[in-house]
Amino acid sequence: MQLFPCPFCGPRDETEFHYGGEAGNVRPEGANVSADFWANYLWFRANPTGPSREIWMHMTCGEFFVMTRDASTHVVADSSPNSGREP
Amino acid sequence: MTRRYSALSLLKEGLTGHRGWAPAWRTPVPKTSYDAIVIGGGGHGLAAAYYLAKTHGIRRTAVLEKGWIGGGNTGRNTTVIRSNYFYPESVALYGLSHRLYKSLSAELNYNIMFSPRGMVTVCHSEAEMEIAARTVNAMQINGVDAELFSSEDVRRVAPIYNFSPKARFPVHGGVWQPSAGVARHDAVAWGYARAASGLGVDIIQNCEALGFIIEAGRCRGVETSLGPIRAERTGMAVAGHSSALAALAGFKLPINSYALQACVSEPVKPILDTVVTSLGTGTYVSQSDKGELVIGGGLDRIPSYAQRGNLPVLETVIAGLIEMFPAFGQLKLMRQWAGIVDVVPDSSPIIGESPLPGLYLNCGWGTGGFKAIPAGGTMLAHLLAKGAHHPISRPFDLSRFAKGRLIDEAAGSGIAH
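Those sequence lines, one after another, are chains Z and C. Sequential numbering from 1 applies to the first sequence in our numbering. Sequential numbering from 1 applies to the second sequence in our numbering.
Rather than coming from a laboratory, the hints here were simulated on the basis of the structure. Among the clues, some could well be false.
According to the in silico footprint, chain Z covers these stretches of chain C (three or more CB under 8 Å from chain Z) [as the list claims (entries may be wrong)]:
id	region
1	197 to 203
2	243 to 249
3	291 to 303
4	307 to 317
5	394 to 405
Cβ pair distances, simulated, as ranges [what the hints assert, rightly or not]:
id	chain 1	residue 1	chain 2	residue 2	range
6	C	G329	Z	M1	19 to 25 Å
7	C	S151	Z	V33	19 to 25 Å
8	Z	V33	C	A319	30 to 36 Å
9	C	E232	Z	G30	49 to 55 Å
10	C	P357	Z	M1	51 to 57 Å
11	Z	S72	C	K252	36 to 42 Å
12	Z	P28	C	D289	40 to 46 Å
Quick reminder that beta carbons are idealized off the backbone N, C-alpha and C, glycines included.
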């Protein structure tokens, strides 16, 4: 069992968390969004092998936050409240 | 040297101390250029190289493998082969694979131990039975052998299942595909490797792809840990690591990589002669020829490139197994591992030319790549030889995401990946 740091509750079991996607994937606005651009937002991901910034939800407190985590080692480098600028 | 495998050659070698067997495949020094390169020495990559040589006569092909062949997901799956999908496009693809598997041992002169022992998906409520009836109807319309099973039918094929009225998930019936089964997964990789090598394909192990040779906007080869290797056409069949190679080529894919775990118990005498999966627990199990119970379940829902998996999911899978077969609670687990699977939003593979011309994709098989090896290889070989889609692979082109023509098997057939 890995412990993830919730910025509000501290270290908690990984089973309490839900992965919400890559951080920085901003929804395109306006009516003139091309199909490729829209598909890129909806489906296409960087899916990096190393560190990446991810949106997570701590389901027990209901808060969204940003976690910087390495997908190969599972080491968590940082965990911070969502600034409001991230989607 | 003895190259062909048969009862007669086994007898002959047995009488002479087994000293005459030729190595199953050559270990060549890579050339500086080939007609085609396939990145990834798993089942799909080796099958692509084999069909490229066999069907299309293109034998100056290299298969590049960063580790050892069949050491990725081909050696990490639960060996189940089935074609119980919902949409006609999927059935055309997986049905082709299923048919090729049936004759693969003879085709490759290598016993892949395909055992069509049947697979039952157990349903636990009347609502699930209605969905099961819809699935069975769709499968039958698509020409797949499928039967709707009653509770008594399930008892007939899996008598040691938990039929207790107090069970957490009572048995209402199920979906039966009699021609589904299992095969020896390593043998599929080794059989394709041996046959491809025999046709002239160079299988280069311990050779990692580090980048692409891109000239005038076109892929003209691969930068590898053993130096540059040029080819006009390159295919990639690297499953969970597809996004990493795509980044080297300068594009993104609609893929998330997750760990999928599996485990085996200690070997026991024959107790289960079919494949059983439960819609309630999400656990599935079969018994290998060695007697081990081969157990699998759902994904670790944490993006990962670590080939080991986390404990909570393993606990869920084992709890499900004990619910389905209480007697298995006495067994010890012997091995546990994980493979990195390439999960696509519509749970269907991506086959076709990539955004980098000259580079072709075979990825996105998610948790179900093993059953599709012969078809995935056939499709990638066709793309590499002709530079265009086979009719069966066209619906699976990467362009389906921008067009909105998804083939959503997660919603269609309830495949949970």
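Contradicted hints - numbers only:
Violated: hints 1, 7, 8, 9, 10, 11, 12.
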